[in-house]
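Novice: So the protein lines, in turn, are chains A and B. By the working numbering, the letter at position 74 of the first sequence is numbered 64, and the numbering carries on one by one without gaps. By the working numbering, the letter at position 66 of the second sequence is numbered 348, and the numbering carries on one by one without gaps.
These are computed hints drawn from the structure, not numbers from a lab. Please note: incorrect hints may appear among the correct ones.
[Said to hold, decoys possible] A few chain B positions that, by computed beta-carbon distances, are all more than 10 angstroms from chain A: (1) Cys438; (2) Leu447; (3) Thr467.
[To be verified] Ranges of calculated distance between the beta carbons of each label pair, as one might list FRET restraints: (4) A:Ala83 x B:Ala304: 41 to 49 angstroms; (5) A:Asp54 x B:His435: 38 to 46 angstroms; (6) B:Ala382 x A:Arg67: 42 to 50 angstroms; (7) B:Leu376 x A:Arg20: 57 to 65 angstroms; (8) B:Val496 x A:Leu89: 53 to 61 angstroms; (9) B:Arg298 x A:His(-5): 29 to 37 angstroms.
Yeah, the Cβ is synthetic: ideal placement off N, Cα and C, and Gly gets one too.
One-letter residues, chain by chain:
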Amino acid sequence: MLKGHLDMIVLAALAAGPAHGYAVIQEIHRRSGGAFDLPEGTVYPALHRLEQAGLLGSRWTTGDTGRQRRVYALTKRGTRALAKHREVWQRFADAIGGLIGQASHATAQPRL
Amino acid sequence: MQPPSLVSDYLERLTRALSFDAPLAHRVRREAEDHLLEALAGSPEGESPEAQRRALERFGDPRAIASQYAAQSLLRQTRRAGAIVILATAGVYLAMKGRASWYGLMQWGMSADLQAIAPVVIRFDFYAFILACALGIVGWAYISSRRVAPSFHPGCRAQLRRGRLLCAAAAAPLVASVLADVILTVLRLADAAVSPAALVPLLTQAIEVALVGVLVMRVRRIIRHADLAAALTSP
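Whenever a hint applies, use it, and build me the whole structure from the sequences.
Specialist: The structure is reproduced here in structure tokens:
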């Protein structure tokens, strides 16, 4: 299930600003409270796919350690796609919440 | 800075797994190296073998990671091959037309021997070229309309295989068409006196041969890369 939402998760992790792959993983861990335990390497194909789709831009920079690293940032299209993902997700979450809430409510009522 | 040994071995395996796309392999290797060194720098055990093993385990299986790039990379390569089919076909057409116009301009007639076989070769050339055009357009339209699959699943592999087949199927009659042109040009020039005017047919013919050469190499390359990527899905 998580795999199906990986693109949205990566876009959301980059919403705060440009970051390299390792920082994206750290951000996903931090914001999910460690709930998402994907193999770290899987974030790079997602970053690459999103870049090819025009949702992310990237460039090589030199880090504090002197190592070259690729930094990714949301493009305008990426920002719009994230907003759309959020909207769809919110509707989905509301619908599921409503259903589960109703079901719990229904089962909680004893039939007389 | 040289990465520690386990990380180096891992990066080698990752690069080999991505051998279906050399520029991508280079880029992913650099990113993975930075990631793993960053992870080790944050580890209390530093670059100890145990810390390296844990970092590599967290990063994931190199073949599994490489296979996640395969769908997109092979689609891009096949689309490029489809575009080259169209460009090569257009280039061959222009070269053929240019040569025919030059023959007309120079009033370069055919010898009696050539007149005997020319209609058959020209008809073969015509139908082979039309077939190449039709298959090229169908192949290009097909592969351009495919969407990038999120994973290298069997459906995605089947689509890419169809795209490759259409590219190869378009390349074959185009090669046959150019071979027919070569035969006609050689027969024409064999009967003609040596003159600078012969440079135009020779040059246009060389362009045709170069175009189909590039196309055949491109098709062979996508087939080889697809085989390398397919190996990632086998146990």
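Novice: Now, for every hint given, state plainly whether the structure supports it.
Specialist: Cross-check of the supplied hints:
At roughly 13 angstroms, the least C-beta separation between cysteine 438 of chain B and chain A is larger than 10 angstroms, which holds for a residue marked as non-interface. Distance check on leucine 447 of chain B: its Cβ is at least 24 angstroms (rounded) from any Cβ of chain A, clearing the 10 angstroms threshold; non-interface status holds. Distance check on threonine 467 of chain B: its Cβ is at least 43 angstroms (rounded) from any Cβ of chain A, clearing the 10 angstroms threshold; non-interface status holds. Against the hinted window of 41 to 49 angstroms, the Cβ-Cβ separation of alanine 83 of chain A and alanine 304 of chain B comes to about 43 angstroms, which satisfies the hint.
In this structure the hint that aspartate 54 of chain A and histidine 435 of chain B lie 38 to 46 angstroms apart at CB holds, the actual value being about 40 angstroms. Between alanine 382 of chain B and arginine 67 of chain A, the C-beta spacing of about 47 angstroms keeps the proposed range 42 to 50 angstroms intact. In this structure, leucine 376 of chain B and arginine 20 of chain A meet the distance hint of 57 to 65 angstroms, their C-beta atoms being roughly 59 angstroms apart. Checked against the given bound of 53 to 61 angstroms, the beta carbons of valine 496 of chain B and leucine 89 of chain A, roughly 58 angstroms apart, stay inside it.
Evaluation of the 29 to 37 angstroms hint for arginine 298 of chain B and histidine -5 of chain A yields a pass: the beta carbon distance comes to about 31 angstroms.
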